[in-house]
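Q: In full-length UniProt numbering, the protein residues as written are 1 to 65.
Rather than coming from a laboratory, the hints here were simulated on the basis of the structure.
Treat the hints with caution; some may be incorrect.
Computed list of lysine-lysine pairs in DSBU-like fashion (alpha-carbon distance at most 35 Å, straight line) [unchecked claim]:
#1 K24 x K65
#2 K54 x K24
#3 K65 x K54
#4 K60 x K24
Keep in mind that this is a model prediction, so the values were computed, not measured.
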Amino acid sequence: MTKKQEKPSNPPSSEQPSLADAPKEVQLAVDLIYLLETHEIEPEIALSALEIVKNDLLAKLNQHK
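Sequences and hints are given; from them, build the entire structure.
A: Here you go:
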């Protein structure tokens, strides 16, 4: 892992909210961004993959209605 891809190691200050306190969807988004950047996934590929994931999740939601 290169220096620019490492997660920042700055301790949270009292002015910045902790990621642990963020909503679950924000935590997941941060994790996904980190994963995509770490694996150097091109933005166009990531967006196409996310569209597939979105469609799959929407289909699952519709099955449970």
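Q: Take the hints in turn and mark each one as holding or not.
A: Results for each hint:
1. Restraint check for K24 and K65: satisfied, since their Cα atoms lie roughly 23 Å apart, inside the 35 Å limit.
2. A hinted pair counts as satisfied when its Cα atoms are at most 35 Å apart, and K54 with K24 qualifies at roughly 17 Å.
3. For the proposed pair K65 and K54, the alpha carbon gap of about 17 Å is at most 35 Å, so the pair holds.
4. Restraint check: the Cα-Cα separation between K60 and K24 comes to about 19 Å, which is no more than 35 Å; the hinted pair holds.
No hint from the list above goes unmet by this structure.
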